[in-house]
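Enquirer: Assemble chains P, S and D onto chain G, guided by the hints.
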Amino acid sequence: MLEIVFYILSAITLGTAFLTVVSKNAIHSAIYLVICFFALAGHYLLFNSQFLAIVHIIVYAGAIMVLLLFTLMLMNLDNDDETKKPLFAKLAAVFSAGILGLVLIAALRKAQPENIEYVNSGVDYQSIKVLGKVLLNEYQVPFEFASILLLVSMIGAVLISKKEEKI
Amino acid sequence: MNILEHVGIENYLTLSALLFCIGAFGLLYRRNAIIMFMSIEIMLNAVNLLLVAFSSYHEDPSGQVFVFFTMAVAAAEVAVGLAILVSVFRNIGNIDIDNLKNLKG
Amino acid sequence: MDISIVLIVLLVGALVTYLSGNKFASKTALISSIAAFGATIISLNAFQNGEDLDVNLPWISQLNINFALHVDGLSLVMLVLTTGLLPLIILSGFITKFENSKSIYALMLFMGFAMAGTFLASDGFLYYIFWEIALIPIYFIALNWGNGDVEERKKAILKFFIYTFAGSLFMLLAFIYLYTKGGSFDITKLYALQLTTTEKTYLFIAFFLAYAIKIPLIPFHTWQANTYSKAPAVGTMLLSGIMLKMGLYSVLRWQLPLTDEVAKAHVPYIVGISIAGVIYGAIVTLKQKNLKKFLAYSSLSHVGLIAAGLYSLTFEGFQGAVLQMLSHGIVIVGLFYVVELIYSRYNTYEIKEMGGIRIQDTYFASLFMIIMLASVALPTTFNFIGEFNLLYSLFKVNIWYAVLAGTTIILGAFYMLRMFQKVMLGGETKSFKKISKQESIVLIIVVGLTIFFGLFPQPIIDLITPSLQSILTQIK
Amino acid sequence: MNTTILLLLFAPLAGFLITLFFGKKLGKTVSGAIGTAAVAISFLCTLSLFSQINAGETIATFKLADWFSIGNIKINFSFLFDQLSVLWLLFVTGIGSLIHLYSISYMHEDENMHKFFSYLNLFVFFMIALVAGSNLLIMFIGWEGVGLCSYLLIGFWYKNQDYNDAAKKAFIMNRIGDLGFLIGIFILGFHFQTLEFLEIKALLGKDLITPSLLSIAALCLFIGACGKSAQLPLATWLPDAMAGPTPVSALIHAATMVTAGIFMITRMNFLFDLTPEIQNVIAIVGAITAIVAASIGLVQNDIKKVLAYSTVSQLGLMFLALGLGAYEVAVFHVITHAFFKACLFLGSGSVIHALHGEQDMRNMGGLRKVMPITFWTMMISTLAISGIFPFSGFWSKDEILMTAFHANIPLWVIGSIASIMTAFYMFRLMYLTFFNDFRGTEEQKHHLHESPALITIPLVILAALAAIGGAISLPGNSWLNHYLAPLFKKHEAHHLDGQAYMLMAIATVGALVGIGIAYAKYLKKKEIPVADSEVQGLHKVLSDKYYLDEIYMATIVKPIYMISNFAKKYVEKFISKAVIGLGGATYALSIKGKKIQNGNIGVYLFAFIFGMVGFLVYVFVIRVK
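Residue numbers (UniProt numbering), protein chains in the order written: chain G, 1 to 167; chain P, 1 to 105; chain S, 1 to 476; chain D, 1 to 625.
Bound-form chain G, shown alone:
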């Protein structure tokens, strides 16, 4: 049962990701990407990590995508705005991506799993409680840094996108 769910979700993920990349219209791309993110959230649910899935949807599908869409609308781009890449460049892109995929999969396939059969030991490792403890004990310093990063990027974004005032 879950296998089927996995395969369907995988298909959706890959398909929408691909459509995101190839769609002519940037708005369509964005919408496909949102679907892709939801599918990924589904994968997280399959792992039984509900908190992560929720956060993922909030951050990606909510915050980031909204930001992207706002920008798109702000720019009001047409399909024609994007000049055509030469055929050679496109072929090269396909070829490179193919090579990369080949190598990646070949490399990952080579890896032998430690234990073939996965056994759930029943230890709680991904509830909010556990994650919160880990985040604020073991990873406290990076956590704080992440907050500073976000603050800085916020200020930076405001500064950069502000219209330059002639002095």
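Because the hints were derived from the structure by calculation, they are not lab data.
Small disclaimer: the values here were computed from a predicted structure and weren't measured.
By construction, the Cβ of each residue, glycine as well, lies at the ideal position given by its N, Cα and C atoms.
Please note that the accuracy of each hint is not assured.
[What the hints assert, rightly or not] The calculated lysine-lysine pairs, modelled on BS3-like cross-linking and capped at a C-alpha distance of 27 Å, are:
{"no.": "1", "chain 1": "D", "residue 1": "K540", "chain 2": "D", "residue 2": "K558"}
{"no.": "2", "chain 1": "S", "residue 1": "K289", "chain 2": "D", "residue 2": "K558"}
{"no.": "3", "chain 1": "S", "residue 1": "K434", "chain 2": "D", "residue 2": "K25"}
{"no.": "4", "chain 1": "S", "residue 1": "K422", "chain 2": "D", "residue 2": "K159"}
[Said to hold, decoys possible] Listed next, with one range per pair, are the computed distances between beta-carbon atoms:
{"no.": "5", "chain 1": "P", "residue 1": "D60", "chain 2": "S", "residue 2": "T188", "range": "45 to 55 Å"}
{"no.": "6", "chain 1": "P", "residue 1": "D60", "chain 2": "G", "residue 2": "K110", "range": "16 to 26 Å"}
{"no.": "7", "chain 1": "D", "residue 1": "K573", "chain 2": "S", "residue 2": "L158", "range": "10 to 20 Å"}
{"no.": "8", "chain 1": "S", "residue 1": "A192", "chain 2": "D", "residue 2": "Q193", "range": "27 to 37 Å"}
Expert: Just chains P, S and D now, with coordinates in the frame of chain G:
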């Protein structure tokens, strides 16, 4: 209930590799900077997916913590990146990366 | 009391000279350099009385780097050379009017400080730093106060800087490697390291590149003639009188003891290169038209002989090399001063535009002749003692080395007498203002030192013998 | 005794310093007198030493101070006064004083006369060091020192660049020999660990050195002697050295300095006795030099050049004697030669002085009547050098030829021919200069005069010595041989038998034949040598000195200049280019390299992907094996 009881980890490896490739492909294929951002997001998510998969596999919360950090970084990146794009667009009227060649040696 | 007082005097002297303003700079510099010389002599005296003058202060303790100065006969002799020549060089600057003189005199003292530090440092890191900062003042001296076309000068000086600097980087590499092996830059610890032959070979090559460029040995000498001819006389004196000796001293202090067996295996080749330099330098000197280039190439020849003596790995070679370093330093300063005196009259360095000076100023001609004869190693001059030792050491290696290197006494006489004839002799062609008493002071000191040590070199030999012996035992 | 020695050593040095620094203030005559007195003091000290040693007192070694040490070898400023050195000093300082005296008058018109005297005094000082030094290095100081003085004095009139060239040539040729000397010193020093003559002599029997190395050492020392004593192939500087003032030619280039080579070999006789093959070389070189120089002397027209070649030729004879192991004979000839050759040079100086610098014999003649003293003194010396009985040259030359006859007939033949030639060209000189009519300008004729007393007194003294000097070593009853005997290996004296008398007769007849030819040619037929441009055939080869200078020029000097030019123009450029090329290559690489950085993000991304692929391939495919 855990998906790994039904589907082997190697499937996730393949999935995330493919997803990563699609992102990379988009990065090379498109010239629209916003689409390229999206491609980058896809690549980041491919990695996130793998992190989560291994976090489950080893029953270790660290992987998921890392995903949180990735998300934070991604959010910061998008915010600043889009801000740059907006100001570029305001200056030259489009966001075609082929037009941004001022940094040549 | 320890030896750092000399360094402090030089550094403070440089600072005071700069602050004293253009009007008093030259005199302040002279006084400071004489004070430094005095401090050296006091140290020498203390050393003779068996006092311990070493300095060892922690500097960068995390990396185990110390501000360590070590005093033995060898480094003291080199220190005496540095601080002794410095007043002479500063004094010889008096015949030239420098713009912004406070800077040039301060730079000269600073360079003296760096060179003195190089001779004293017993910590590899400190040594390297002194070695490199000696390059900075001479770069500015040559660049700002040199002669000839500005663009060409810039080119020549830049070439000199980059060339010697590039060579030094190999030495830095060697030191870093030694540090990773021994965990310290201290010279005694580095001496005690057990290294394989391959490691020693690489170290030998790295050190050799640095020193061969600095000394210079052929074919690494191309910076020399141009730099000498472009730099002001004081700069040339600093370069040829003291700075070249940094390379030679370092061979003795660092390269040979650290790479003993490899050095031994390479004796024939390196000595061969050095001797080739002796002959090549002499032959090229013969046809030089510019007096400064002439002296540059003659110096190439002389220094090649010193290097040959060092690489012969014999006690006589070491002894001769140190003595010849001193005598060459004294004499070359005298020769460049003579050139500068002629330049101050004729405003040219071209040999063919000179002549008939002896007939107008026999006093000057006599002093010049004595210095010239000293440089061709006439017995009873200091240079003879050195050259005799060096040739003897080469003879100990192989009789043919001595014969080939000995051609320097023929060719040396050939080019020197030829130059003297063209510059000084013959009938009166251009009027030459007689040199004043003040101007002749430097020449008299040079002549006096050369003859005095030519007759009584034994105190110096006694002073350096123990340190040379210990270096030799380290190698053997 | 120590005061005597100190005075002997330092009187000339003091004279040098005084005349150098205060000469100008003291005036010409006073500085001349000081210079002469300095040497005379040395002479008197030597006399006192000589009387002590001749009376059989012990040999004095005198250590002045330490000099320096090299390895285990200690070198001191020490001096050795034995029979040989004192004898040598005797005639060096003796003739030196006479020539100083002569110079007071001769150089009186020169504005730098005080310099002249200071150089002469310095020369005497170095000569004393050379002769009296007790080790090879002190001898070397003197050796190079006299070379320096020779350089200074040949180029005394430094306004003339030809003279300067001659001076330079003398110095450099001497230095070639000096290198040989130095190598010889190294070999001996290395193997014996000492440079003291007496110690080397004592150690020679101890097998410290292989015979072949000993031969090389001897050969090297001989090369040094060749340079100083103007033997082939290093002979050509001496005739050129005549550019110096005539007293210099007399003192340095005839009587004293050029015999330093003979002194050195005599001093090291114990060494040369062990290397017979080198002795052969010495004898052969000496004989060849004797005949070559004599043959060149036959056709020279410059009065001083004739004397110069005769000097080279006589030195060759001395080397011949040395090579045959007859050291005392060589010393004997050195002494007699010093007398008559100094006299001849001073006489020629007197002639040149009278003619105001004219040196070409073709423009002389008939001076006999005007300058009787000069004529007679020179005549006596000429008879002496030609080997006419009973003048000193007869005895010394005869002994050399006799030794040669006993050792090697061809060498004897060569030596005899050289002697005949000597007789010929010396009388040619006399006839051309003093007989027939004066051939110079009217103006010169008007000024002809006999030289003043200060010039003639030394001439008379030297002529007297040239006449009777042979008495010190008469065959059969030789004071000299007896005096020098302690220094040399014993060998049987030649007996005065019929053969000896016959040889003397042959030599005398030969000399008379030479004189006869000269008489017939230049007195009877009144021939005057042709102008230089009309010379041809063998005559031309001789008057061009066998083209030796040209050969040296073409084979040594020119190639060195060529190499020098080549090195300066091409090799230096090449090395410089190579260095600059390194920098240039870096620069070019950077120009090419920055093209990669073209600002196109697409390209960067491709590079990123390929880099990643490459990395993965390396990690997972290549490295994991």
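Enquirer: Determine for every hint whether it applies to the structure shown.
Expert: Outcome of the hint check:
Between K540 of chain D and K558 of chain D the CA atoms are separated by roughly 24 Å; this keeps the pair inside 27 Å, and the hint holds. Annotation: proposed proximity of K289 of chain S to K558 of chain D holds, straight-line Cα distance about 18 Å (limit 27 Å). At most 27 Å may separate the alpha-carbon atoms for a hinted pair to count; K434 of chain S and K25 of chain D meet this at roughly 19 Å. Using a Cα cut-off of 27 Å, the hinted pair K422 of chain S and K159 of chain D holds, with the two alpha carbons roughly 11 Å apart.
A beta carbon spacing of about 52 Å between D60 of chain P and T188 of chain S agrees with the range 45 to 55 Å that was offered as a hint. Checking the proposed 16 to 26 Å range against D60 of chain P and K110 of chain G shows it holds: the Cβ atoms sit about 23 Å from each other. Our hint of 10 to 20 Å for K573 of chain D and L158 of chain S holds, since their Cβ atoms are close to 19 Å apart. Distance hint check for A192 of chain S and Q193 of chain D: the Cβ-Cβ separation is about 34 Å, which falls inside the suggested range of 27 to 37 Å.
In the structure shown, no violation is registered for any of the earlier numbered hints.
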